[in-house]
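Participant: Residues per chain, in single letters:
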Amino acid sequence: MNAETVIDVRGLTKRFGDKTVVDDFDMTVPKGAIYGFLGPNGSGKTTTIRMMCGLLRPSGGEGTCLGYDIVRDADLIKANVGYMTQKFSLYGDLTVRENLDFMARMHAVPDRRGAVAATLEEHKLAPRAEQIAGTLSGGWKQRLALAASSLHKPPLMLLDEPTAGVDPKARRDFWDRIRILADGGVTVLVSTHYMDEAVQCDSIAFISFGKKLIDAPTADIAAQVGLHTRRIEGRDLRPIHAQLKDAPGVDQIARFGSALHVSGRDAAKLDAALAPLRARPDLEIGPAKTGLEEAFIYLMTGSEDNYQ
Amino acid sequence: MTAERRRFGPRFSVARFGAIAMKEFVQMRRDRLTFAMMVGIPIMQLILFGYAINTDPRHLPTLVELGDTGPASRAIVQAMETSRYFDIEGVVFGAADINTALKTGEAMFVVTIPANFERDLARGERPQILLDVDATDPVAASAAASSFPRIVESAVAPLLDGALSDLAQGPPPVEVVLHRRYNASGRSALNIVPGLLGTILTLTMVLMTAIALTREAERGTLESLLATPAQPLEVMAGKISPFVLVGVLQTAIMLGLARTLFGVPFLGAPPAFLALITMFVVVNLSIGFLFSTLAKSQMQAMQMTFFFFLPSILLSGFMFPFRGMPGWAQNLGEALPLTHFVRGVRAVMLKGAGLGDTWAQIWPLAIILAVVATLALSRYRRTLD
Chain A
1 MNAETVIDVR
11 GLTKRFGDKT
21 VVDDFDMTVP
31 KGAIYGFLGP
41 NGSGKTTTIR
51 MMCGLLRPSG
61 GEGTCLGYDI
71 VRDADLIKAN
81 VGYMTQKFSL
91 YGDLTVRENL
101 DFMARMHAVP
111 DRRGAVAATL
121 EEHKLAPRAE
131 QIAGTLSGGW
141 KQRLALAASS
151 LHKPPLMLLD
161 EPTAGVDPKA
171 RRDFWDRIRI
181 LADGGVTVLV
191 STHYMDEAVQ
201 CDSIAFISFG
211 KKLIDAPTAD
221 IAAQVGLHTR
231 RIEGRDLRPI
241 HAQLKDAPGV
251 DQIARFGSAL
261 HVSGRDAAKL
271 DAALAPLRAR
281 PDLEIGPAKT
291 GLEEAFIYLM
301 TGSEDNYQ
Chain B
1 MTAERRRFGP
11 RFSVARFGAI
21 AMKEFVQMRR
31 DRLTFAMMVG
41 IPIMQLILFG
51 YAINTDPRHL
61 PTLVELGDTG
71 PASRAIVQAM
81 ETSRYFDIEG
91 VVFGAADINT
101 ALKTGEAMFV
111 VTIPANFERD
121 LARGERPQIL
131 LDVDATDPVA
141 ASAAASSFPR
151 IVESAVAPLL
161 DGALSDLAQG
171 PPPVEVVLHR
181 RYNASGRSAL
191 NIVPGLLGTI
201 LTLTMVLMTA
211 IALTREAERG
221 TLESLLATPA
231 QPLEVMAGKI
241 SPFVLVGVLQ
251 TAIMLGLART
261 LFGVPFLGAP
271 PAFLALITMF
281 VVVNLSIGFL
291 FSTLAKSQMQ
301 AMQMTFFFFL
311 PSILLSGFMF
321 PFRGMPGWAQ
331 NLGEALPLTH
341 FVRGVRAVML
351 KGAGLGDTWA
361 QIWPLAIILA
371 VVATLALSRY
381 RRTLD
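Respectively, the protein sequence lines represent chains A and B.
For what it's worth, the working numbering labels the leading residue of the first sequence as 1, then goes sequentially.
For what it's worth, the working numbering labels the leading residue of the second sequence as 1, then goes sequentially.
Because the hints were derived from the structure by calculation, they are not lab data.
Misleading hints may appear alongside valid ones.
Claimed, not checked - The calculated DSS-like cross-link candidates involving lysine-lysine, where the alpha carbons are at most 27 angstroms apart (straight line), are:
1) A/Lys124 / A/Lys87
2) A/Lys141 / B/Lys239
3) A/Lys87 / B/Lys351
4) A/Lys153 / A/Lys169
5) A/Lys211 / A/Lys141
6) A/Lys289 / A/Lys269
7) A/Lys87 / B/Lys296
8) A/Lys153 / A/Lys211
9) A/Lys19 / A/Lys87
10) B/Lys23 / B/Lys239
11) A/Lys211 / A/Lys87
12) B/Lys296 / A/Lys19
What the hints assert, rightly or not - Quick list of the computed label-pair ranges, beta carbon to beta carbon:
13) A/Gly138 / B/Val14: 39 to 49 angstroms
14) B/Glu218 / A/Arg235: 23 to 33 angstroms
15) B/Pro10 / A/Gln243: 44 to 54 angstroms
Glycine is no exception: its CB is placed at the ideal position from the N, C-alpha and C atoms.
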């Protein structure tokens with residue numbers, strides 16, 4: 001293992017009964033990276049993250065987190081990883097400060113009072129310190145959860161859909177905090193459904209049906225998916241959408257405001273499908289860059305029914 | 001409009017009623033434990049009340065102090081055995097041994113046949129025969145005690161022939177003296193209140209910890225807890241210890257009430273009581289913790305608590321005489337902490353037992369604790385699997 005590798009798992013597999021939730025999953029995350037973890041609901045992201053931090057025992061495969069074996073050294077991983085759960089899992093009947101204090105005690109944080117006070121400041125939670133955590137709004141809960149999971153200054157943070165259901169302003173603040181953590185040398189693995197968050201990651205792994213479909217630096221994702229995209233602008237694009245939907249060469253159509261993005265794997269076939277439309281004076285058709293969203297929607301096609 | 005109204009209007013709708021009833025059936029079927037309780041509780045109750053509980057207990061442990069041996073003494077001991085109320089388990093010598101035997105519960109009855117019994121009987125001097133009775137549980141002791149004079153009389157009667165035949169006519173040839181100890185007035189409150197202390201502690205202590213882990217699981221906080229390096233023993237001890245204080249508080253309240261409202265005495269040694277109650281509370285909290293590692297929801301944890309509570313009150317000797325139960329029920333009762341606590345607490349409060357006398361109840365509790373704690377810790381899951 002490379003000294004700069006923080007997560008290194010091979011062939012990770014998890015079965016619940018006869019259902020395989022994660023199947024032969026490999027991942028290598030270098031130190032200091034913000035690694036995005038994407039995939040549709042029920043694709044196995046949470047299960048994978050739980051296996052990495054010792055909360056679930058893999059049915060197969062092996063790996064290390066921070067150099068510790070994910071099965072044998074679960075306690076050491078738990079002591080050194082900050083894990084933020086998808087669902088708020090702190091004590092709703094304790095105050096913000098009491099929750100942080102509890103976590104500080106569980107992790108034997110030195111100078112506990114000082115550390116809690118510093119964290120309250122750092123995460124701008126001080127004005128809410130004495131509020132009962134259960135009465136916080138979604139954004140504040142997320143903020144508290146991040147504060148609680150980073151209180152013991154873990155070198156690796158695993159964040160499981162940390163911003164689900166939170167308003168855009170709170171999400172932006174949240175990502176500012178993640179950036180600050182990363183700038184401080186913390187490695188972050190974060191799962192998300194939001195494209196604006198995905199683009200902020202250094203690298204992205206995409207998982208579907210428990211299988212990893214792609215794993216690349218964010219800038220290379222679109223090229224690796226291998227989609228070509230054309231943009232159609234004009235009035236009343238609905239009939240055109242319907243017409244192109246099943247046309248050969250067209251793999252996906254996405255609506256962007258008043259334009260359609262039509263994508264296909266084979267550029268020649270795609271252009272052939274669009275050829276009849278080019279004659280129409282009311283439409284403007286040109287090349288467009290394949291975005292992350294198109295790439296992922298394309299990857300997700302066929303896994304729509306994977307809700308748990 | 002009218003058709004619509006008939007089908008979906010505010011009047012009673014058979015379809016809606018049916019839908020709700022169907023849904024309840026489906027949910028009931030999915031909730032296996034509730035269903036098992038619905039079936040299990042009547043079966044358990046019937047078996048326990050029908051076979052195990054007997055308010056006319058027999059085969060009660062009895063010791064004999066033989067001041068004299070002769071045909072009359074032998075006949076009396078023989079007749080006591082034959083009556084099936086008394087099991088003669090041995091002989092004792094002297095008041096000190098008699099006291100210890102009764103205090104520790106080794107014997108419920110001690111018969112003292114005085115010196116010169118045979119001679120005095122032959123002379124028609126109506127010698128006394130003494131029956132010491134552990135009357136802490138009036139129900140358990142009363143049938144046997146009240147049958148004793150008749151047993152003695154009929155045992156001696158066949159011997160009264162020849163020269164003694166005129167004795168058979170007058171007053172009974174033997175004077176039976178009953179000596180009810182510890183609860184001379186036979187008040188059931190004296191017996192029930194100490195046992196009630198144990199019963200209430202069983203229910204509250206087990207319930208409190210039974211929901212300890214399931215509540216964390218239901219609220220989702222278990223995931224955070226498991227993500228910390230917490231060790232199973234830390235979690236168990238941490239969950240249990242606050243309730244030890246609650247148990248002590250409950251005990252203090254109940255002791256105060258027992259004294260002021262019911263005049264229940266506290267004759268024993270405080271260290272014995274403290275040792276017994278602490279052990280008992282910790283055992284019950286551990287049982288609750290074990291339930292919480294087994295249950296999938298708080299509801300299930302509460303059902304398990306109830307399942308445990310029912311035999312505890314019925315088989316522990318709290319409500320019905322322990323000696324009256326058949327062997328299998330007594331064995332089952334021995335496995336319940338309340339059984340040992342009820343014996344111990346009655347001995348301490350009513351008989352004035354000390355630490356030494358209570359030891360016989362403390363070590364079984366320690367064994368139960370060891371078994372339960374081992375099971376609970378092995379059942380405690382450190383992952384979300």
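Participant: Quickly compare the C-alpha distance for A/Lys87 and B/Lys296 to 27 angstroms and report which way the hint goes.
Facilitator: Given pair A/Lys87, B/Lys296 holds - Cα atoms ~19 angstroms apart, limit 27 angstroms.
Participant: Would the pair A/Lys211 and A/Lys87 pass a check requiring their Cα atoms to be no farther apart than 27 angstroms?
Facilitator: holds (23 angstroms)
Participant: A/Gly138 and B/Val14, beta-carbon distance inside 39 to 49 angstroms?
Facilitator: With Cβ atoms ~43 angstroms apart, the hint holds.
Participant: Check the hint pairing B/Lys296 with A/Lys19 against an upper bound of 27 angstroms on the C-alpha distance.
Facilitator: The hint holds at about 21 angstroms.
Participant: Given a hinted range of 44 to 54 angstroms, is it respected by the beta-carbon distance of B/Pro10 and A/Gln243?
Facilitator: holds (49 angstroms)
Participant: Take a quick look at whether A/Lys141 and B/Lys239 sit within 27 angstroms of each other, Cα to Cα.
Facilitator: holds (25 angstroms)
Participant: Under the criterion that the straight-line Cα-Cα distance not exceed 27 angstroms, is the pair B/Lys23, B/Lys239 satisfied?
Facilitator: violated (37 angstroms)
Participant: Regarding the pair A/Lys87 and B/Lys351, is the alpha-carbon distance no greater than 27 angstroms?
Facilitator: violated (57 angstroms)
Participant: Is it true that the CA of A/Lys211 sits at most 27 angstroms from the CA of A/Lys141?
Facilitator: Violated. A/Lys211 to A/Lys141 sits at ~31 angstroms, over the 27 angstroms cutoff.
Participant: Does the alpha-carbon distance linking A/Lys289 and A/Lys269 stay inside the 27 angstroms limit?
Facilitator: OK: A/Lys289 and A/Lys269 at ~17 angstroms, within 27 angstroms.
Participant: Given the hint that A/Lys124 pairs with A/Lys87, does the C-alpha gap stay at or below 27 angstroms?
Facilitator: Distance ~21 angstroms between A/Lys124 and A/Lys87 Cα, so the pair holds.
Participant: Would you mind confirming whether the straight-line C-alpha gap from A/Lys153 to A/Lys169 stays at or under 27 angstroms?
Facilitator: Answer holds: A/Lys153 to A/Lys169 is near 25 angstroms, not above 27 angstroms.
Of the numbered hints given earlier, the model fails hints 3, 5, 8, 10, 14; all others are met.
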